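Colleague: Chain residues, written in single-letter form:
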Amino acid sequence: MQGGFFGGGSGGSLCMSTVSMEDNVVMSSEDSSSPDEGELELGLGLSLGGAAGFKGSGPRGCQQYARILTAKDLPSKVSVSSSSSTTSSSSTLSRAIATAGTKRTADSVAASNGVASQVVGWPPIRSHRMHIMVNQAKSQVTEEFSSMNKRKNAVEEKVGNKNINTDNTKARTSLFVKVNMDGTLIGRKVDLNAHGCYETLAQALENMFLRTTTTVNMTRLSTPEHKNMIDAKRHSQLLGGSSEFVLTYEDKDGDWMLVGDVPWGMFTTSVKRLRIMRTSEATGLGK
Amino acid sequence: MKRSLTQLDIQENGIDDKSGGWLSCFPENFTSLEVLNFANLNTDVNFDALEKLVSRCKSLKVLKVNKSVSLENLQRLLVCAPRLTELGTGSFMPELTGRQYAELETAFNQCKNLNTLSGLWEATALYLPVLYPICSNLTFLNLSYTFLQSLELASLLRQCPRLKRLWVLDTVGDKGLEAVGSNCPLLEELRVFPADPFDEEIIHGVTEAGLVAVSYGCRRLHYVLYFCRQMTNAAVATIVQNCPDFTHFRLCIMNPGQPDYLTNEPMDEAFGAVVRTCTKLQRLSVSGLLTDLTFKYIGQYAKNLETLSVAFAGSSDRGMQCVLEGCTKLRKLEIRDCPFGNVALLSGLEKYESMRSLWMSACNVTMNGCRLLAREMPRLNVEVMKEDGSDDTQADKVYVYRSVAGPRRDAPPCVLTLSGL
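If you're matching them up, the sequences are chains A and B in order. Okay, so the first sequence: first residue is 1 according to full-length UniProt numbering, each after it adds one. Okay, so the second sequence: first residue is 1 according to full-length UniProt numbering, each after it adds one.
Errors might be hidden in some of the hints.
No more than 25 Å apart at the CA atoms, straight line, and that leaves these computed lysine to any residue pairs for SDA-like [what the hints assert, rightly or not]: (1) A:252 with B:99; (2) B:332 with A:120; (3) B:386 with A:127.
With the Cβ distance kept under 7 Å, some of the chain A side facing chain B (calculated, not the full set) [to be verified]: (4) 123; (5) 128; (6) 263.
Derived from the structure by calculation, the hints contain no laboratory data. Just so it is clear, the structure is predicted and the values come from calculations on it, not from any experiment. All residues carry an ideal CB built from backbone N, CA and C; glycine is no exception.
Let the sequences and hints guide you as you build the complete structure.
Modeller: In structure tokens, the structure reads:
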């Protein structure tokens with residue numbers, strides 16, 4: 001018989017594999033202790049988002065703090081999307097079809113996840129569409145994981161769309177890289193696989209390097225008097241007369257590159273370590 | 001091999017090709033292909049064979065490839081076939097170098113005749129601008145495999161003023177649908193699919209607000225398929241008031257039997273408004289909490305209705321009876337999980353011969369009822385599929401259709417054909 005319900009396939013022909021994963025990306029900044037660098041009390045905003053005013057023009061006017069520049073701020077052919085990665089929308093990925101508690105049976109049934117008993121063949125969506133959407137959602141989130149695995153195998157290939165078996169997706173692998181900041185003796189490490197996009201990475205680095213507990217507490221105060229206090233502190237803490245930094249990374253070839261040019265997945269496969277560089281030292285990038 | 005084969009379309013089949021070599025089976029002198037569609041093939045294809053085939057088939061107008069074809073390879077195909085009118089891309093994962101991106105942009109720029117675009121697996125906003133050169137001529141855009149957010153969709157739709165048909169995932173949200181309303185005044189068909197159909201924990205997706213927004217901007221809308229998690233009677237009334245020309249109205253409120261979330265009432269008045277206002281309605285799918293009143297309305301007003309899909313609805317046999325009595329042009333009726341029993345089934349005795357088919361599953365129909373139907377109407381095939389563990393008297397799934405060829409002889413063992421004896 002043809003057709004079926006609504007737009008769907010014939011009842012009962014749904015098949016979904018169980019994917020159970022830890023929830024979404026964990027901000028490494030949650031784990032990181034406050035930095036030792038007491039002299040750095042300014043909050044610097046790493047800007048990768050699409051906030052207006054950043055493109056082309058100097059960053060200073062847009063924020064109260066100096067900024068680490070990334071590829072977004074520099075003219076490039078392919079603009080970085082301002083939206084967050086689609087991985088954030090696929091956070092709710094642990095799905096399964098429960099065996100219907102009713103008298104119906106399914107043609108192919110996965111184990112119940114216990115959350116809710118769902119009805120076979122409902123909502124009425126064609127099975128091929130279900131397969132494709134589920135697999136794609138899975139693969140978009142696991143893209144970051146697969147990049148770590150490939151790196152470990154020293155295979156040079158583009159981040160693929162391979163469906164990773166559920167064992168891998170259950171335990172997220174880490175990709176810790178060193179981060180050094182000019183003027184800072186002690187480096188840090190950040191887990192790139194805890195992030196799905198440049199924005200959260202930038203935030204994490206900002207929290208790590210450019211905010212002390214004091215500054216964080218102060219920024220929570222919203223009154224104008226306190227803001228003036230912060231500004232005053234900032235001006236007195238400037239290092240070397242410059243408050244602008246650039247986020248760069250060393251890639252597999254040993255070259256130092258500006259962070260943000262390439263898609264996130266490609267970045268994580270080629271990055272070896274990060275460096276927050278003073279713009280004045282970054283030749284050719286200009287101000 | 002037919003030398004004059006012009007169309008190879010395996011889109012709808014869930015094919016799993018083990019060998020991967022089928023493309024190489026086209027002989028060298030085979031050049032007549034106009035349509036090649038293997039979008040849903042699950043396996044890799046031999047790209048060289050594909051490229052050669054596309055190159056030599058100068059009349060190729062429709063090309064829809066599967067996910068195994070990368071963006072880099074897509075560029076090569078586009079260069080070979082700039083006269084395409086319909087394109088289904090392969091993977092759109094953003095993995096190109098700057099130079100490759102520029103080449104892809106150029107390739108798209110050459111395709112002046114494209115009016116239909118689909119595929120776009122793993123597309124992100126990053127690379128959507130590469131499509132901009134062809135957007136102004138697009139009439140059908142299928143984004144139903146692309147996880148886009150509202151702003152990303154809005155940017156794209158601003159480039160597509162001539163769009164008539166749009167398929168999207170509900171990741172675009174109500175805000176994305178507002179953008180549809182604002183940018184696509186010529187829209188005639190909208191389908192919104194759920195990205196995460198089984199998600200009950202976190203509310204996202206689209207609501208009634210999204211479709212209402214579309215209805216204000218797209219007055220020519222006549223086909224809608226809408227998966228949502230909440231709806232109101234008032235919203236549906238507004239929607240059909242704005243767009244009275246619906247021929248296909250398929251609304252799927254995903255939680256079975258869910259009432260109007262604001263008033264907590266059944267959704268009867270919603271569908272009452274649909275059938276009263278949309279006199280050209282041919283296809284209707286109902287959902288939400290519905291009493292017999294919905295079916296009374298349908299029987300009373302839906303005089304052009306040909307296909308009706310019902311699930312988890314109705315209060316008694318009377319509901320189904322109203323539909324069978326009132327919908328003079330009814331051809332296909334499919335019902336699941338409704339309290340309709342033998343009385344309802346048999347009330348349609350006279351009707352089923354003028355219909356294409358009736359499907360009833362998980363209703364209250366019994367084997368005896370089906371046998372009676374088969375006996376009274378010998379020109380109908382009455383097929384019953386029973387489920388394991390169900391009680392002997394219940395007819396779990398019933399399929400009734402007219403036939404001059406008698407009962408089918410190729411039915412699998414689970415299908416019981418009830419004869420008129």
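Colleague: Which numbered conditions among the earlier hints are violated in the structure presented, ordered from lowest to highest?
Modeller: Nothing - there is no hint that the structure violates, so all of them hold.
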